[in-house]
Amino acid sequence: MVNMKHLMFGDYDWGYLCKPQWPWCNKGGKHKPPRFFDKDAWLGLCTAAVMGLQHAMAMLAGLTTVPYLLGVNAFSDPSLTAQQATTMQQYLISATLIVSGITSAIQVTGIPLPFKRQLGAGILSVMGVSFATFSPANDTLGLLIRGGDTFEDAFGKILGTAAVCGIVPFLISFLPPRVIKRVFPPIVCGVTICLIGINLCGVGMKAWGGGAFCADNYMGLYLPATGCSYFDVKTNATLASESCFRNVPVECNGNGDVMLPFGSAVYVGLGFAVFGFIVLLELFGSPFMRNCEVVIALLFGYFVAGVSTYDGKRFVTSAEIDNAPAITFLWVHTFPLKIYGPLVLPMLIIFCITCIETVGDVTATEEASFLSTTGPGHETRIRGALLNDGLSSIFSALATSLPLTTFAQNNGVISLTAVASRQAGWACAIWLFLMGVLAKFGGIITSIPDCVFGGMTTFLFANVIASGVKIIVGQHLSRRNRIIMAFSFALGIGVTLVPQWASNPNGLWPYSGTNETVKGIREAVITILDTGFCIGAITAIFLNLILPAEEAMVVPQPTFKSELQNQASFASVEDFNAAAPAVAAAPIVEEMKMYDTAEGSGSDGKPVGAFVAVPVLAATTAPATRPLLDQPMERLRLPRGAVGRDYVLMQLKLGGKGPFDFVVDTGLTAEMITPHLRSTLGIPAGGRALDTGLGAGGDVQRVELVELRGATLVGAEGLKLPPLQAVVTDFVQEHLDPDHDPVEGMLGQELLQLFDLDLDFPAGRLRLFSPGEGLAAAAAAGLAEVPAAVLNETGVLGIRATSAGAAAAGKHPFVGIIDCGASFSALNWQAAALAGLPPRGDAVYGKREQGVAIIGIDGKPQVLPRAPVRLSFAGTPRPDRTFEAPPPGWQPWAAVQAGVGDLPVFSQLLGDGQTPFTGPAALIGLDVLSQRRVVVGTGVGRKGRARQLYVSPA
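So in the working numbering, spot 739 of the sequence shown is number 739, and the numbers just go up one at a time.
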């Protein structure tokens, strides 16, 4: 029987979506997000419709802005009446929405093609008009109309040129993404996008002040006048003049019946109504409202303008809505397609830029959707998106709409709603199509006063600048990159502020001949030179190709260690331990003890699993908190139906080869590589062997040990890493995700203990700090300190774990291994008893639908029953054998379905090498750890095995 509730509404948390927020009463200032829905998840028909509406509304302002502003040029065509010009503007808006809906459906679907290709990205990525096309298209329209062309002829030349130039992304889609990024690296893309936003912000401000025409002529127009006279000093008489000019003030006519000079207070005030309402929505709005805040703020400004009057005149009239037809479709208005030579080169540059935008936008969508951003699956999505860009741009031009590109606006919706399902994308495409077909919708858009629309577009265009800045700051600002930025910004911003520097017809390239070829080339060059982002992009590309790369300058950063050793860098923990001075001056000694289940001691009367005494060194200076590595957290996706959370990945280059993907595993002693990677690196087989290799997931007998030299971290190539010891063994997770490149191994504590490791799961960031600096950053961020220590000689980290109920009942804690190499958590039976779970053999385990198979590094599965448990931790022990409570504000982790059973790893890993460990223990895996930010310290300032662990308190 079909579950109607599931069919219609799915399992989404509607309370989260619709509940407004009150930021100052929300502890920590953060909201607990709903569960994540991947790209193929079922949403339910109603949920999909609502999610699709959010995406459509988030795109709406950006989609309608370009056709709205280009349509303003129709009012400059003397062959069109005001009503005809309005109808033309409405049609451009409707055509854009229809084409965006059609092409977005293709983009989301990812239609399979031969030769392992596809058309479209196949993820929740949508299509819209690129802002980059506006400036050259708007300038060309104005130039052609002033030259005598009608609006239809001028717009047809733009469409014809765009259709021809649309072949560029089609061809680029056959190139590997790495080739594209080499020619158009992020620094070039970021500079160009910034320049696009700077140019567009001026357009938005003109509309905000009342309109573009009155902005350009705010000083008034000098028009011919009759009946003029002048005083002749020679004859000392007043004489009549046949021709003269007088200054006529220009009033803005795009704001209903209200016509005032540019920059009037009422115009500025109505625009600020939109601006201010965006801030209020950001503060108090529900996730749904914040996703659509630009459109909601625009509607609020529209409402304020609609109920306002000035001297009895209205800012909003119904004429545009009344004159709009009920429905419309493509080709209701047609334009004669022609190629306009001077526009070809700027359009080619624009399409190259949009290709870079597409690569970045699709990658951002993958990150928001928790999909791999490397490997064959990533390349297939990138190429599919580029192919769709090219074909969609050609189709859109033939369908009387401007060129399209992948839109980035929906990535924020994905992140905020935790919904990456393609069902939302299809629903969004349907909404856009319906909005376009219903022509009254275009009538509503054109009835919005220019000042209100300008307040919205100024904010929208400023976001374009912010996107460019985000790309730039993500790069290393070396001297070379700064030179590229300086030259590009100098020319790009300069001609944006002073366009006559290049556009004066009698200045840069005076020509009075009749050769049409020379005139066409001259106009093309001038079009490029007086378009800020075009000349800026050309400059950035040229300098990027000719300036030689330079080695990164490694500037030593002071750390706790360098304060103690008076050194600026470290090679290994061994170097630190050897060189650090003694810390015997009145150290604070803490002893971490863990007690057995019944009597609190082992058979010999000693605490079971006792940790060694630990002196704590108080820092005398506050360390810097700049990370050595700060990058988006890449995850290795688990198969459908798997239990737990996706693994965390890092990339290493080894001996100049790579990069290679590794799973980050705090539950592993040393590094581990696959036989395939050993072969790739050219390391001969038959090296020295270890009797046993240990990890939190099991042990491997007689493993081969190899040395990895020349290791560098991708994203922090300036760090010099010591030689690493790695075991060679088959790795069950190597081909876990078929859409991802093979994972070549795991990074264990030998490498990780060189840094403070910051796993910021809520923000999706992975950071590495110099020893001690990550802990300072964690403390400054308000994270809770969790007492921790290294377990025996393995280097694996442990805490005093407990459950929420057990802590309240006063039960003793148990050893909890911090293991981000485990996708889910597991407890042995003794720990399960301390956590308040039913005993072994209880019928509750037999009634569960299924158990869970835990697979260790030895590849051997062990099936365990599952039980819900909510884990927490205990503080330092008191003399009465009780334990300190966690710090105020600490909330236990959310409940997870943990495996329960006596895993061999507990006795092997926690034993002393002679006697197996028999106490209570648990693996704390990614299902628990990924709920919050976790910072693992190196132990700098501590002696022995004591470590520091910081976790978000709630």
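Honestly, the hints are just simulated from the structure, not real lab data.
The beta carbon of each residue, even a glycine, is placed where N, CA and C say it ideally should be.
There could be a bad hint or two in this list.
[Unchecked claim] List time: in silico SDA-like cross-link candidates among lysine to any residue, alpha-carbon distance up to 25 Å:
| id | residue 1 | residue 2 |
| --- | --- | --- |
| 1 | K440 | Q84 |
| 2 | K653 | R709 |
| 3 | K470 | F489 |
| 4 | K720 | V706 |
| 5 | K440 | E152 |
| 6 | K653 | Q631 |
| 7 | K720 | G656 |
[Unchecked claim] Computed Cβ-Cβ distance ranges for the label pairs, DEER-style:
| id | residue 1 | residue 2 | range |
| --- | --- | --- | --- |
| 8 | A763 | R117 | 28 to 36 Å |
| 9 | G782 | V332 | 53 to 61 Å |
| 10 | K657 | I483 | 26 to 34 Å |
| 11 | Q500 | P261 | 21 to 29 Å |
| 12 | F275 | A763 | 47 to 55 Å |
| 13 | E717 | G782 | 54 to 62 Å |
| 14 | G782 | P548 | 42 to 50 Å |
| 15 | A265 | Q500 | 25 to 33 Å |
| 16 | A763 | P904 | 30 to 38 Å |
| 17 | P261 | L175 | 48 to 56 Å |
| 18 | N217 | V183 | 20 to 28 Å |
| 19 | P762 | K657 | 28 to 36 Å |
Now for the hints, and whether the structure bears them out:
1. K440 x Q84: With a Cα-Cα distance of about 15 Å, the restraint between K440 and Q84 holds, given a limit of 25 Å.
2. K653 x R709: OK: K653 and R709 at ~10 Å, within 25 Å.
3. K470 x F489: Answer holds: K470 to F489 is near 16 Å, not above 25 Å.
4. K720 x V706: Cα-Cα ~19 Å, so holds.
5. K440 x E152: holds (22 Å)
6. K653 x Q631: holds (16 Å)
7. K720 x G656: holds (13 Å)
8. A763 x R117: 28 to 36 Å: holds (35 Å)
9. G782 x V332: 53 to 61 Å: Taking Cβ atoms as reference, G782 and V332 lie about 59 Å apart, which means the hint holds.
10. K657 x I483: 26 to 34 Å: At roughly 31 Å between Cβ atoms, I483 and K657 fall inside 26 to 34 Å, so the hint holds.
11. Q500 x P261: 21 to 29 Å: holds (24 Å)
12. F275 x A763: 47 to 55 Å: Violated, at about 28 Å.
13. E717 x G782: 54 to 62 Å: violated (32 Å)
14. G782 x P548: 42 to 50 Å: Check passed, 45 Å falls within 42 to 50 Å.
15. A265 x Q500: 25 to 33 Å: holds (30 Å)
16. A763 x P904: 30 to 38 Å: Hint holds: Cβ distance 36 Å, inside 30 to 38 Å.
17. P261 x L175: 48 to 56 Å: The hinted range 48 to 56 Å holds for P261 and L175, with Cβ atoms some 52 Å apart.
18. N217 x V183: 20 to 28 Å: This hint is violated: roughly 42 Å between Cβ atoms.
19. P762 x K657: 28 to 36 Å: Between P762 and K657, where Cβ atoms are some 34 Å apart, the hint holds.
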